[in-house]
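Asks: Here is how the chains run, residue by residue.
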Amino acid sequence: MAEYRIQIKDACKNYGEVKALKNANLNIEAGEVVLVIGPSGSGKSTMLRCVNKLETLSSGDIFVDGDCVTDPKSDIRKIREEVGMVFQNFNLFSHLTALRNITLALTTVKNTPKEEADEIGKKLLARVGLADKEKSYPGQLSGGQQQRVAIARALAMNPRVMLFDEPTSALDPEMIKEVLDVMLDLAKEGMTMMVVSHEMGFAKAAADRVVFMDEGEIIEIGTPTEVFDSPKEVRTKTFLEHIL
Amino acid sequence: MAEIVKESRIEVTDGALIPDSAEKSIFSAWNISFFGAIIILILLPILSPDPYKDILLFIPDGIATTFQVTVLSIIFALIVGLFAGLGRLSRVKIINRIATIYVEVVRGIPLLVQLFYIYYALGKLVQLPRMTSAIIAMTFCYGAYMGEIFRAGIQGVPQGQMEAALALGMTRSQAIWKVIIPQTFRIILPPVGNEFIALLKDSSLVSILAVSDLLRRGREFASTSFLYFETYTVVALIYLIITLFLSRIVAYMEKRLKINGRV
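Protein chains in written order, with the UniProt record's numbering: chain A, 1 to 244; chain B, 1 to 263.
Please note that a few of the clues may not be correct.
Stated by the list, open to error - Below, in silico cross-link-like pairs of lysine to aspartate or glutamate (DMTMM-like), each with a Cα-Cα straight-line distance of 25 angstroms or less: (1) K114(A) / E163(B); (2) K258(B) / E134(A); (3) K93(B) / D75(A); (4) K93(B) / E55(A); (5) K22(A) / E163(B); (6) K232(A) / E217(A); (7) K178(B) / E134(A); (8) K78(A) / E254(B); (9) K178(B) / D75(A); (10) K53(A) / D67(A); (11) K9(A) / E163(B); (12) K178(B) / E217(A); (13) K73(A) / E163(B); (14) K123(A) / E82(A); (15) K178(B) / E55(A); (16) K188(A) / E55(A); (17) K122(A) / E163(B); (18) K178(B) / E115(A); (19) K19(A) / E163(B); (20) K178(B) / E116(A); (21) K178(B) / E119(A); (22) K53(A) / E163(B); (23) K135(A) / D54(B); (24) K110(A) / E163(B); (25) K178(B) / D118(A); (26) K135(A) / E254(B).
Because the hints were derived from the structure by calculation, they are not lab data.
Just chain B, same shape as in the assembly:
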């Protein structure tokens, strides 16, 4: 039994903890956190309608904005990431160097600073709308992480696939687009799911640009009512429920892919 084959999982940043499918108990950490959070969120307005009812009526607008920023950023980041990843693997030196510099630069600058930079510093040259700046910054940052995921995913496809494609007379780029890339999706879906969760959490940073996301709506409510404890409790619970829910979906996808995968 010494040989327990564990499929390597690509981990790039701190996404939500993916629930371990081995943990089947009802009192798993995930179940306690998820259902605990939901129960508290339901009980609070029932037990003390003032102020929790008001908070719960005011904040949800922000959820839509949070998702808008997250979904748009992740889509653009996937596109940027695909090319960054291909660039990192390119045999053309200059392309390889540009992609690598991009990844290094992004990794070396905090996301909050990137946000400030794109909105305020570059604002001296072109004043972009807040929402656009926020999405550009998130895309720029997460594109680099996605690039690393794509790179690992492409390298995870067995060498023999490329050889088989070349042996049939395909060009390298035909082989990459028709044979290699489609097979990377199976490998990268779980880490991309994780990035989505991480991005959703990081999207709270855009509230600093006065984009009225979930956190910003909370801040707006708290600053007029001075109910900091109550407001931020609700904000935190909503974030927690969303990320836990998404992490369960990612775990489910991962399981499905393992079943449907080859071998």
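Next up, chain A with everything else stripped away, as it sits in the complex:
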């Protein structure tokens, strides 16, 4: 079972009457980059948010490295340490500097000594090309810079999996590239990534597989070439015509 980094089994999520996720099944191997696409309300963000239990499944199971996320007895915080998450709206801690944003979880969750945490933080800032911004507050950074800090913040915990929830949707067009470049580097380094996004360029350059979802269901899974160039399902075809 542990051969998959993420395993989603018969996952269902209901909000009252609304079925946001219907029997989703998806296995992601270590080092794989999986892009999840689909119209808004198709359940792609819900599925992603269930992986680190920001949302709780109504039924079904999710495993991260063999650890059951959905088991109430499992220590969800330990699993969350292994799963980095990047949000659409960055969600940087607005009262902290860029560097402190990155080191806060290290010092509070992992009890890393401050000097060591700062060193890790500075290295990560350099890695996302923001070495000169360590003292800046989120409010002083552009959207693209904030998202890069947010990626660095997630990486600080040294996760085995990175989840991206529409990481470029809130960005101005000219800033999308700088964020995607960071994500491409991560993919090249072998990070396991689950990305909810419609960035075709990123998909073609880095994704191993593309998952198309509609109305809470996984409709089609395939390589980017398969899904984009010769979709099997009508719904996939219609959707792709709309966004291309």
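With chain A fixed as given, assemble chain B onto it according to the hints.
Replies: Positioned in the frame of chain A, the structure of chain B alone reads:
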């Protein structure tokens, strides 16, 4: 231009009116009241040294007491309020209920009655010093209002902040203390400033327990000299100058916070 974004301000009680920064004229209501009061307070002892000089020499002792009661009460009220606010948001039912009952009870009893109750009624069980009783009563009362401010402040922090903290592996309480609470201060500072002003005004009620605050000193002077009009004019002017001055500081802080705030 239909979309003028106005940041919502948390208003709980009747603090002093915060000066509207849009009002830039020299003859703004604030300027007229503040400088008017100062000029009158300066002119009175010059034009008629007897009795105003005596009054002005006698009363200021009370200002220190007024501030002592106000500052101590506000500090304790902030601590009580933080926990009341967290309690109101707690998902543990019993804690939530206790915090809510506290707020409801305090809001339903006039502060003057609370003062009497703590000093005289509870005095049957434990006789506390007057000053202590006064501070306990003010803390108890304002703690509830502060609780509502903290609650609104905590709810004012975007949900995504909690999610980001949890996603990093923090516990809920780590997230609350390290991420949420520090961000509430920016939101709650203006209403807390307002509460400080309201509390300073309400602190005049403690004179009823013979705590010699500003009002009490005035009463002591008036009752021996029978100069009621003159004495209370001075008392009122001093209160007015203090509260107007503080309201200007609160407005200034609010402006600074807006500039330094995110976005």
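Asks: Next step is simple, just say for each hint if it's right about the structure.
Replies: Structure-based check of each hint:
For the hint pairing K114(A) with E163(B), the CA-to-CA distance comes to about 24 angstroms; that is within 25 angstroms, so the pair holds. With a C-alpha separation of about 23 angstroms, the suggested pair K258(B) and E134(A) falls inside the 25 angstroms cut-off, and the hint holds. Taken as a hint, the K93(B) and D75(A) pair is honoured in the structure, with Cα atoms around 24 angstroms apart against an allowance of 25 angstroms. Between K93(B) and E55(A) the CA atoms are separated by roughly 22 angstroms; this keeps the pair inside 25 angstroms, and the hint holds.
For the given pair, K22(A) sits about 24 angstroms from E163(B) by alpha-carbon distance, which is consistent with the 25 angstroms threshold. This hinted pair checks out: K232(A) and E217(A) have alpha carbons roughly 15 angstroms apart, not beyond 25 angstroms. A distance of roughly 19 angstroms separates the Cα atoms of K178(B) and E134(A); the hinted pair therefore holds under the 25 angstroms criterion. For the given pair, K78(A) sits about 41 angstroms from E254(B) by alpha-carbon distance, which is inconsistent with the 25 angstroms threshold.
Of the pairs offered as hints, the one joining K178(B) and D75(A) holds, with about 21 angstroms between alpha carbons and a cut-off of 25 angstroms not exceeded. Between K53(A) and D67(A) the alpha-carbon distance is near 13 angstroms, which keeps this suggested pair within the 25 angstroms criterion. Annotation: proposed proximity of K9(A) to E163(B) holds, straight-line Cα distance about 24 angstroms (limit 25 angstroms). The suggested pairing of K178(B) with E217(A) is violated, with an alpha-carbon distance near 38 angstroms, which exceeds 25 angstroms.
As the CA atoms of K73(A) and E163(B) are separated by approximately 21 angstroms, the hinted pair is consistent with the 25 angstroms bound. About 19 angstroms separates the Cα atoms of K123(A) and E82(A), which keeps this hinted pair within 25 angstroms; it holds. Taking the CA atoms of K178(B) and E55(A), the gap is near 22 angstroms; set against the 25 angstroms cutoff, the hint holds. Pair hint K188(A) plus E55(A) does not hold up; C-alpha atoms about 29 angstroms apart against a cutoff of 25 angstroms.
Taking the CA atoms of K122(A) and E163(B), the gap is near 24 angstroms; set against the 25 angstroms cutoff, the hint holds. Restraint check for K178(B) and E115(A): satisfied, since their Cα atoms lie roughly 19 angstroms apart, inside the 25 angstroms limit. Between the alpha carbons of K19(A) and E163(B) the distance comes to roughly 23 angstroms, so the proposed pair stays at or under 25 angstroms and holds. Only pairs whose Cα atoms come within 25 angstroms are accepted, and K178(B) paired with E116(A) is accepted, the gap being roughly 19 angstroms.
At roughly 21 angstroms between alpha-carbon atoms, K178(B) and E119(A) fall within 25 angstroms of each other, so this suggested pair holds. In summary, the hint linking K53(A) to E163(B) is supported, as the alpha carbons are separated by about 10 angstroms, within the 25 angstroms threshold. Straight-line distance between C-alpha atoms of K135(A) and D54(B) comes to about 56 angstroms, which puts the hinted pair past the 25 angstroms bound. Between K110(A) and E163(B), the direct Cα distance comes to roughly 18 angstroms. Compliance with the 25 angstroms bound is thereby established for this hinted pair.
At roughly 17 angstroms between alpha-carbon atoms, K178(B) and D118(A) fall within 25 angstroms of each other, so this suggested pair holds. At roughly 24 angstroms between alpha-carbon atoms, K135(A) and E254(B) fall within 25 angstroms of each other, so this suggested pair holds.
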